[in-house]
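**Q** Line by line, the protein sequences are chains X and W. All residue numbers for the first sequence refer to this note's numbering, where the first residue is 1 and numbers rise by one. All residue numbers for the second sequence refer to this note's numbering, where the first residue is 1 and numbers rise by one.
Treat the hints loosely; a few may be bogus.
[What the hints assert, rightly or not] Computed beta-carbon distance windows for the label pairs: (1) W:E251 / X:G29: 36 to 42 angstroms; (2) X:R207 / W:M1: 30 to 36 angstroms; (3) X:E251 / W:A260: 23 to 29 angstroms; (4) X:D51 / W:H137: 55 to 61 angstroms; (5) X:G241 / W:A58: 53 to 59 angstroms; (6) X:A248 / W:A58: 46 to 52 angstroms; (7) X:R169 / W:A25: 48 to 54 angstroms; (8) W:S259 / X:G48: 40 to 46 angstroms; (9) W:S259 / X:D51: 43 to 49 angstroms; (10) X:D270 / W:G125: 19 to 25 angstroms; (11) W:G125 / X:R169: 34 to 40 angstroms; (12) W:P150 / X:Q277: 42 to 48 angstroms.
Hints were generated in silico from the structure; no laboratory data involved. On a predicted model such as this, the values are computed, not experimentally measured, just so you know. We treat Cβ as the ideally placed atom computed from N, Cα and C, and that holds for glycine.
There are 2 protein chains.
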Amino acid sequence: MIFQRTAVIGIGLIGGSFALAGREAGVLGEVVGVARSERTLLEAVHFGAADRTTADAAVAVRDADLVYIATPVAAISAVMAQIAPSLKPGCVVTDAGSTKLGVMQAAAELLPPHAHFVGGHPMAGSERGGVAEARSHLFHGRTYLLTPTPGSDDALARLRELVIAIGARPVVVDAQSHDRIVARTSHLPHIAAAALCLALGDNVLQRDFIGAGLRDTTRIAEGPVEVWREILMTNATEVLGALDEFIAATERYRDAVASADEEEITRLLDEARAARQRMGES
Amino acid sequence: MIFQRTAVIGIGLIGGSFALAGREAGVLGEVVGVARSERTLLEAVHFGAADRTTADAAVAVRDADLVYIATPVAAISAVMAQIAPSLKPGCVVTDAGSTKLGVMQAAAELLPPHAHFVGGHPMAGSERGGVAEARSHLFHGRTYLLTPTPGSDDALARLRELVIAIGARPVVVDAQSHDRIVARTSHLPHIAAAALCLALGDNVLQRDFIGAGLRDTTRIAEGPVEVWREILMTNATEVLGALDEFIAATERYRDAVASADEEEITRLLDEARAARQRMGES
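This is chain X alone, in the form it adopts within the complex:
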């Protein structure tokens, strides 16, 4: 047992899976689920993700040793403001948001010094499938990024142990590096795929011409709009930097094609191919 009592705020796919996994692994004790909808609260108990529920986050955290905030990332700071006065001294607070710098700043401003915050980003199922879709194996084999705050060493150690217990691989990274890297490895590819879909226009209907390459390249553009809107809004600075680098790279190809520069085209294709190969296969 790592935490006797846990409050999961926003007990949907991620929060529910976390609770199921932690209970199954024997590292979480009692779980109190929090959600706004009555139906979610009933389902959380029905599917075994929570022992009891409440619609009031402040009530839920009162005796909690661990507070797990799994709401949409844009709602996290409001949750922090709401729960701050009720947090128990020594409790550990973490979240499951896909961007981290804003969350870390909110935690520094809003949480009391007697609570220990460590940011979290489980790289698993970003779609909001609801608690009925929650599975204890959701995090198996996945990377679980953790962004510590000053003085959170003990909380970080306990969360690392917990992450390992639920089958994931903890990776510690500072929040700024996190947001800079995911802007490039996750957010930029999403925009590239989406922009490609826009640029295709009515050609998306040319089924005879659509092969596996185009399908692969655009697949992620089908991701949930509200999740991606929040990600782009909360990581705007890094996303803009990544986009400028991407537009510059695309313009290098355009210029090489426009000037029929065979050597430069070869160089650019070679460089991209080598980069893709360095990425490795999973």
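Once you've looked at the hints, dock chain W against the given chain X.
**A** Below, chain W alone, put in the same frame as chain X:
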């Protein structure tokens, strides 16, 4: 039997698979294989793709009812100039290049009026795997694009029949539409994937942050450089048009993120998602 005697010029993966498939289906009679390397010629006979071979394309086409040009696209016009004086009256000439307008123009300029040209683009295995990799089922279930020339109705009808016989699906399209559409459904995605790889820089080494989304989006950037260089060189005009549309679409995302315009970000993500869904799954 649709063609008694066929010359396959550039008998590698595509040309060899075409010969194997046509012979297996009983629609091609004798096949004469042409390649520059002695080893390829030996392999073409060894693997059953050709009955006999020669390094001289002009000799090969002398008695041919069908001439199948499966060289790299940049070499097609040189092959046409070489074989033109030796083509038999009434013979059908086709190719397997990934871009079509340049090939059609070369055919109009270089081939004699007594030869009937129809452009071809089998959407299968673009990598130059060599004749040892040739398989009779390579075209099974694939789209086989055919671009007719004026007065080629009879040749087109025979090639359609042949394409169906080897298990592929013939789709007739004019050369200009072909190049405009593939610039968007095939060539643009390749550049987007390649530019993404370049923009990632050293982040390609951040294995902990690299998920299925990024891998899918960049997969095609591993394609063979020489094939893609030729495609971009021979379809430059359409590729430039597609690239400008793509850069404009990417800039719409950038502007929306830069101005934190939540509504516009939602609209752009929604539009892309709907376009991807209209593409359908294969």
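**Q** Next, verify each hint and record whether it holds.
**A** Now the hints, each set against the structure:
At roughly 52 angstroms, the beta-carbon separation of W:E251 and X:G29 lies outside the given 36 to 42 angstroms, and the hint is violated. Checking the proposed 30 to 36 angstroms range against X:R207 and W:M1 shows it holds: the Cβ atoms sit about 32 angstroms from each other. Checked against the hint of 23 to 29 angstroms, the C-beta distance between X:E251 and W:A260 comes to roughly 25 angstroms, which is consistent with it. For X:D51 paired with W:H137, a C-beta distance near 58 angstroms keeps the hint of 55 to 61 angstroms intact.
For X:G241 paired with W:A58, a C-beta distance near 58 angstroms keeps the hint of 53 to 59 angstroms intact. Distance hint check: the CB atoms of X:A248 and W:A58 are about 48 angstroms apart, consistent with the given range 46 to 52 angstroms. Between X:R169 and W:A25 the Cβ separation comes to about 52 angstroms, which falls inside the hinted range of 48 to 54 angstroms. In this structure, W:S259 and X:G48 meet the distance hint of 40 to 46 angstroms, their C-beta atoms being roughly 45 angstroms apart.
Checked against the hint of 43 to 49 angstroms, the pair W:S259 and X:D51 passes, with Cβ atoms roughly 46 angstroms apart. Restraint check, X:D270 to W:G125: a C-beta distance of roughly 21 angstroms satisfies the suggested window 19 to 25 angstroms. Distance hint check: the CB atoms of W:G125 and X:R169 are about 37 angstroms apart, consistent with the given range 34 to 40 angstroms. W:P150 and X:Q277 have their C-beta atoms about 46 angstroms apart, which keeps the hinted 42 to 48 angstroms range intact.
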